[in-house]
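Colleague: Okay, here's what each chain looks like letter by letter:
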Amino acid sequence: MAIEFPNLYKGNYMLLVAFPIALALVALLFIPNVKLGVEFRGGVLVAMQTSAPVDEEGLRAALSAEGFPVSSVKTMQNPAGYKVEVEIERDKQLTKAESLKSEFFGMSDELSRLESDAMSNGGADAVQRYADGRRKADEISNGLFAIAGMGKNASEYADTNDLKHAVALAQRKITDDHSEKLSAVLSKNVEYESASFNEVSASLSEKFMEKAGVVVIYSAIAVGIVVFLMFRTFVPSLAVLLGAACDVLFALGAMGLFGIPLTLASFAALLILIGFSLDTNVLLTMRVIKRRDGTARERAYEAMKTGTTMSMALLLSFLCLFALASLTHISTYYEISSVALAGLVGDLFATWFLNAPIVLHYAEKKGDAVDDKPFLSTIFSS
Amino acid sequence: MITKEEVVRGATSRDVLAMAAFAALACLAIALDRAHGIAIFVGAVFILGIAAARFKSKRAKVAGFLLILVISLFSIGFNGVKFGIDFSGGVRIPVLLEEPVRDSATMEEMVSTIKTRAAAFGLTEAKVRPIGDSEIYVELPQSSPQLVKDVETVLSQQGVYQGIVDGKVAIRGDDIYSGTIGRVPQQYLQGADWAVSFTVTQGGAKRFADTAKGKADYPLYMYLDRPSNAVVVVSERELSKHSKVAGVTVAKSKARELAQTALRLEGYDIGFYVEEEIAGNFTLAPKDNATIAIVANGSALVPKLSEAGFVVAEKSEDEMSPRYSVSPSNPKSDAVSVWKAVGLLSAPRLVLSVTEGIPSFNYVINGPAEGETASAKATDAIRKEREVVSILKGGALPVRISLGSKTLVPAPLGAEFLRLSVIGVAFALVAISLMVALRYAQLKIVMPVMFISVSEVIILVAIIGSFTIDLSAMAGILAAVGGSVDGQIVMTDELLKKEDEEARKKLEKAFGIIMASVIVSVIAMVPLLFSGIVEVIGFAISTILGSLLGLFISRPAYGAIIERIFE
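In order, the protein sequences belong to chains A and B.
Note that the working numbering has the first sequence beginning at 1, numbered continuously upward.
Note that the working numbering has the second sequence beginning at 383, numbered continuously upward.
Simulated from the structure, these hints should not be mistaken for laboratory data.
Just so you know, even glycine gets a beta-carbon here, dropped at the ideal spot from N, CA and C.
Among the hints, a few may not be true.
[Stated by the list, open to error] Which residues of chain B face chain A? A few of them, derived with a C-beta cut under 8 Å, are:
id	residue
1	Tyr559
2	Leu800
3	Val804
4	Gly806
5	Leu860
6	Asp868
7	Ile905
8	Met907
[To be verified] DSS-like cross-link-like pairs, simulated, lysine-lysine; straight-line CA separation at most 25 Å:
id	chain 1	residue 1	chain 2	residue 2
9	A	Lys290	B	Lys722
10	B	Lys531	A	Lys96
11	A	Lys188	B	Lys531
12	A	Lys10	B	Lys879
13	A	Lys181	A	Lys92
14	B	Lys531	B	Lys722
15	B	Lys887	A	Lys290
16	A	Lys173	B	Lys531
17	B	Lys879	A	Lys290
18	A	Lys305	B	Lys722
19	B	Lys531	A	Lys181
20	B	Lys880	A	Lys10
21	A	Lys35	A	Lys96
22	A	Lys173	A	Lys92
23	B	Lys531	A	Lys92
24	A	Lys305	B	Lys880
25	B	Lys880	B	Lys440
26	B	Lys440	B	Lys826
27	B	Lys880	A	Lys290
28	A	Lys305	B	Lys440
29	B	Lys826	A	Lys305
30	A	Lys152	A	Lys96
31	B	Lys887	A	Lys305
32	A	Lys10	A	Lys181
[As the list claims (entries may be wrong)] Stretch by stretch, here's where chain A covers chain B in the computed footprint (C-beta under 8 Å, at least three residues):
id	stretch
33	810–818
34	908–915
35	919–932
Model the full assembly from the supplied sequences, consistent with the hints where possible.
Modeller: In structure tokens:
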């Protein structure tokens with residue numbers, strides 16, 4: 001770049017560490033504010049397309065009055081007019097109905113086998129076992145019928161096949177009633193051209209949570225192993241992993257500060273930050289530890305010049321995505337770009353103010369007694 | 383600088399010529415075999431990529447990259463680029479499987495059952511595709527609320543099973559205890575290749591005994607979601623498509639008779655018409671305004687039928703063509719065995735013992751399997767067994783499902799999103815080039831960086847677009863632009879260093895950095911790729927693909943170009 005920065009590492013570079021540590025502390029302060037998106041929390045996200053702006057407070061009040069716990073109402077301008085997003089928390093009755101339904105269908109096959117035994121050849125024992133199973137199924141079904149407000153009793157259904165139909169019907173009625181009531185309230189209060197309902201059931205959000213947890217664990221373990229295998233020395237490996245962890249930490253802090261929800265998209269963006277943080281870190285570590293031109297401090301400074309240019313390229317592409325998100329209000333774009341931007345900015349601090357001092361300190365303590373064997377004998381070399 | 387002679391010499395070298403010939407063949411194959419265009423394209427990119435990485439010469443690396451770019455452009459032209467409903471408009475309903483399905487046969491069965499059931503409701507445009515091992519996407523290019531409701535009904539409700547003997551319902555799905563339907567173990571097969579047993583209720587046992595009495599050797603027509611108010615219009619071609627059965631040809635009159643028999647059900651006969659016979663003098667009228675006319679896709683009669691007031695359900699030629707089973711020694715058992723257009727899925731023959739009028743609770747359906755080898759036969763037996771189990775369970779899927787969050791996108795909005803996204807990618811390319819220009823202030827660096835980045839976007843779009851580009855994939859493509867330039871900056875800076883080292887050595891070091899970063903990026907994203915979180919799999923795919931493409935193909939090509947430029 002045309003402007004030359006002075007070499008940051010000339011003086012007591014260890015003081016630089018104060019910046020990322022302060023930043024990390026601030027980030028930690030904001031992390032509890034990170035909101036879970038509808039995918040992870042369950043609930044309904046209604047996106048409506050309107051031609052005129054909407055009275056947000058009025059809509060919120062109307063929904064609350066009808067018993068819909070609103071967690072947010074947002075209006076955004078987009079190419080087709082306005083987009084109104086309403087997030088409604090998961091209805092407790094719905095969650096209960098869902099778990100009752102899965103409980104029922106979990107046992108229905110077994111119950112039908114028991115019934116068949118009892119009816120055909122079973123004897124007293126089989127009849128008793130069927131009666132027990134049936135009693136439990138009736139209990140579950142009655143719970144569902146009560147929520148559905150159908151005024152039925154499970155004992156009305158002699159045969160388990162009929163009971164099964166009734167249970168499926170009840171569950172359907174519960175979800176239909178809920179969404180019909182919701183759309184009735186919405187259409188009374190908003191003149192929308194189109195509306196989409198993004199419903200995330202409790203079981204689905206649990207599944208997302210569980211899968212995301214598994215992904216984080218696998219990613220962390222795999223990245224940790226690979227980094228140690230590549231560097232084969234403890235301090236630089238740790239520094240690299242620390243840098244990656246800092247990026248994710250900063251990004252999470254920014255999410256809390258700017259109200260970016262943790263959704264599947266922002267989750268994916270957090271994962272890619274790990275990869276982004278690595279390339280500047282590897283560049284730094286390699287230049288400082290494995291090379292011997294000039295002093296370690298000069299090499300770190302040279303690495304910084306290259307590294308910031310690299311980060312600029314990434315920052316620019318995510319800035320474009322962010323601009324695109326501001327135009328279209330596509331939440332996937334918005335969440336990915338803002339998380340990546342926050343993480344990349346944080347990466348500048350983590351790499352050049354935290355990792356660089358650690359690696360420099362390590363290199364200077366070891367002196368020039370560094371092996372010059374090429375880092376990662378590449379598959380490209382001839 | 384690179385001279386003209388050098389380019390000519392490079393282009394006519396043996397390795398480059400071989401790669402070019404391969405690429406030309408691949409392009410030809412894409413153009414000729416349109417059905418397999420995507421597979422050919424992806425395979426060709428893979429092979430060229432390996433070739434470019436294996437050949438050590440600079441010319442081969444550059445040529446490999448250029449050739450991949452060429453076939454990518456070719457593929458975009460011939461195979462096209464597919465967009466998700468976010469860009470094309472429509473509705474998407476994820477179907478979540480309650481347990482992961484690891485074997486592909488079960489997954490295929492799930493997908494085809496959902497397709498069949500969706501088609502039974504007239505939703506022939508439904509796109510059903512498995513995502514990972516625990517999710518299936520159902521996508522429709524339209525987005526009316528009624529349509530969404532229909533799909534949800536199709537997916538959440540079970541089908542209605544009817545077993546019909548001689549025009550009477552002998553057994554209904556509700557007569558069967560669903561928990562008792564199961565395969566019969568090998569040792570009890572008694573000569574058949576497969577068998578399925580089930581138990582029926584008391585009422586069911588009586589109905590079956592009464593209906594089947596004296597009907598030994600009659601076929602039991604097993605219907606799933608049989609339309610009760612419908613006519614079917616077949617062409618002669620469809621009627622006789624499968625008329626050759628085991629060396630015997632079913633005569634036209636016989637085929638007609640069998641078809642009509644299969645469609646009979648007291649009070650609910652499905653009307654049978656042959657297209658060629660009614661086309662000339664069209665007088666067909668529906669019973670009421672809900673009467674369905676089942677007819678081949680794109681038949682000339684479609685407008686006439688809908689004008690006459692029918693609800694037209696168009697089916698594929700395969701679904702419209704009945705399959706027959708005939709046996710010269712026992713003509714009583716001759717039947718239409720499969721006719722998907724009307725929901726007839728199987729027609730086993732009644733054995734003597736169940737036709738004596740005595741109620742029985744336990745039944746077995748068995749049959750032979752086809753196949754050349756023992757293992758092929760075993761696979762066929764399992765398939766048939768599963769099919770019958772699935773029919774008896776009312777088309778119930780082998781794994782229990784729940785519906786995920788549905789997404790609706792109006793078509794004009796999708797088109798606008800696409801337009802803006804393309805502008806966004808273009809803008810990112812321009813912005814980054816400007817930055818590179820500012821940083822290096824040398825046209826000979828800016829030009830190759832630009833060229834490689836643009837080409838990478840094109841290749842990525844061609845590959846991912848062969849499947850589907852959705853919102854998250856588009857975000858990943860944009861991220862890949864930044865990642866691509868990021869890698870090229872490392873290489874350029876290494877080369878520009880004033881060290882007394884060969885350019886090759888310097889580039890090797892740069893590759894070390896790039897490789898470490900690519901390995902870690904890929905490793906960090908791979909768990910997401912296999913997590914089955916479909917909403918963001920597009921992002922994982924495009925970032926991983928972008929990284930790998932960069933590492934193996936475009937970075938070496940850039941290295942070869944820039945090394946030569948700085949020599």
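Colleague: Checked against the structure, which of the hints given earlier come out wrong?
Modeller: 2, 3, 9, 18, 28 and 32
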